[in-house]
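Build out the structure end to end from the sequences listed, making use of the hints.
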Amino acid sequence: MNAIEVRDLRKEFKAYSSRSGLKGAFRDLLTRNYKIVPAVNDISFAVKQGEMVGYIGENGAGKSTTIKMLTGILTPTSGSITVNGMNPHKEREKFVQTIGVVFGQRSQLWWDIAVQESFRLLKKVYKVSDAHYNEHMDHVIKTLDIEPLLDKPVRKLSLGQRMRCELAAALIHNPPLLFLDEPTIGLDVLVKLKIRDFLKEINEKYNTTILLTTHDLTDIEALCERVVMLDEGKVIYDGSLKSMKENWAEGKEIQFEFLESAELTQLERLTAGMQVKWEIDEKSRIFSALTGDDDELVSQVIAKTVASHKVKDVKINEPSTEEIIRNIYERGMV
Amino acid sequence: MFYFTMFFQYIGQYMKTRLEYRADLVVEIVSDLLSQAINLIFILVVFGHTDFLNGWTREEIIFIYGFFLVPYALFTSFFNIWDFNERYIVKGELDRILTRPVHSLFQVILERMELESLFGAVTGLAVMFYSGSRLGLEVNWYDPLLFALFVLGGVLVYAGIFIMIACISFWADARTSIMPMMYNIGNYGRYPVDIYNKVIRFVLTWVLPFAFVGVYPAAFFLGRKEWYFYSFLTPLIGLVFFGVSVMLWNKGVKKYSGAGN
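Residue numbers (full-length UniProt numbering), protein chains in the order written: chain A, 1 to 334; chain B, 1 to 261.
It should be emphasised that the hints constitute simulated quantities derived from the structure, not laboratory data. Check each hint, because a few of them may be wrong.
[Said to hold, decoys possible] The calculated lysine-lysine pairs, modelled on DSS-like cross-linking and capped at a C-alpha distance of 30 Å, are: (1) A:Lys-94 / B:Lys-255; (2) A:Lys-124 / B:Lys-254; (3) A:Lys-35 / B:Lys-251; (4) A:Lys-127 / B:Lys-91; (5) A:Lys-152 / B:Lys-91; (6) A:Lys-123 / B:Lys-254; (7) B:Lys-198 / A:Lys-234; (8) A:Lys-123 / A:Lys-205.
Nothing here was measured: the structure is a model prediction, and the numbers come from that model.
Structure representation (structure tokens):
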């Protein structure tokens, strides 16, 4: 069964533009210029129950708008959405019972009251029985390690502590589908790791579907097998992270640091006839050779360079997911 | 039933929040009581110089004012939506509201209640009993029931009007100055409407029916038969305005376009 099914989903916003000058301001009073801008432009995709999907894109690509439509906050301009077998904005109150939402930049908890009071209130809001709550939340609280925070008011928590509590709050009713909008924004590495492990665990334990948007691609690498990539409101890639890497990786980079000073032209002459491009970082005197995917070429370049120069350090870098994605954006469509 | 439990859950939570800041709570209660006392003195001083106003005696006018304070206090306790635009639309708090399985308006009301304002109702009742005893009014067995009904009607009138104004934010997200203006107009309802000219009276009865919060229902208890029709219209007007405002709200939520991050 598909947890999420989206077909030809579209959301348009009116973008007003003001004319310049005082005269323009008066004209704006009477008739305002506006353009209809599609924030989400006829996208279609489906997510199976139990999948963890990374939903990525630049700022303003339409990620948040999509999430808001999927959670029933916004009404789409056209197209159809079925999430957990329901139409989110039509049966909102019944629908939200089946999802959990974490907005990294907004708090779900009540600012002034202790965390456990917030939990208690949410438990009533979602009509969770005591037995269910105890069984499920004991585990969540233990895994996220928030036991000592429960009696503190939310405003006294650090960002990392708050975020773990937010996550727990979103899971009080143990929803089969979880939306996470930038859940690790501004968090330190340890908290990030904890949150990732936790997400993996609930995914395995309850077969929870997770849709995640983030700017931190290491989150995606750690969690998601599949990514959906958005640009200007359109889906430009939908598939496994691995095949994206394979298709878009552009060779390797070998970094050299030499003991003695070296010249770029010298190195270029050395590897003449090979598919190599040399670059130099003037400040740190690091020379890098960009090669194709051919592994043999890599070793040849290293052999030749090492034979003629004294080397302090050699590194072989594969392009990071981040670089690959930047590449895709720069060059446009997949 | 679910909404009933939720209501008390939120009130419980509200109490806890208040008790967190014990010093704050004490200061607030003292200042509330103080401002109510000043209010009371103010009424007596202002109306001390008028004996008759278009056929209304001083005591009657004070009585109407006292009645007005009761629905008004209930309204300000539970319908603190004057900053709805800023708090929920501009800051995007409505996103959070909309991801919970409770009606959005109900949640906003519960989150924003300020029970301290209920002290105003005490002042109102005190004023009514003071002026009522000077007028020699008797309390019949049905009076408390009708009083409750009329007060409820008045609260719904107020709530309806202010919810409708809050709904403007769904369509136009710029801030408007209608809210404070409306609070001013609301004050006109606490004086006998026949002292105003016909147009204003019409507006206060049918367009912005603030007269149903003060003078119309109070006239019943003053035994003014010529106003009885309007007195008994109070609950109906309240229901109509509140009903329309909720419908408008539901429509507005569909139009809501959210705030960016």
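Now for the hints, and whether the structure bears them out:
1. Taken as a hint, the Lys-94 (chain A) and Lys-255 (chain B) pair is honoured in the structure, with Cα atoms around 19 Å apart against an allowance of 30 Å.
2. The hinted pair formed by Lys-124 (chain A) and Lys-254 (chain B) meets the criterion: a straight-line CA distance of about 26 Å does not exceed 30 Å.
3. Distance check on the hinted pair: Lys-35 (chain A) and Lys-251 (chain B) sit about 24 Å apart at the alpha-carbon level, within 30 Å; holds.
4. As the CA atoms of Lys-127 (chain A) and Lys-91 (chain B) are separated by approximately 28 Å, the hinted pair is consistent with the 30 Å bound.
5. Between Lys-152 (chain A) and Lys-91 (chain B) the alpha-carbon distance is near 25 Å, which keeps this suggested pair within the 30 Å criterion.
6. A C-alpha spacing of about 27 Å is found between Lys-123 (chain A) and Lys-254 (chain B), which places the hinted pair at or below 30 Å, so the restraint holds.
7. Simply put, Lys-198 (chain B) and Lys-234 (chain A) have alpha-carbon atoms about 60 Å apart, too far for the 30 Å limit, and the pair is violated.
8. A C-alpha spacing of about 21 Å is found between Lys-123 (chain A) and Lys-205 (chain A), which places the hinted pair at or below 30 Å, so the restraint holds.
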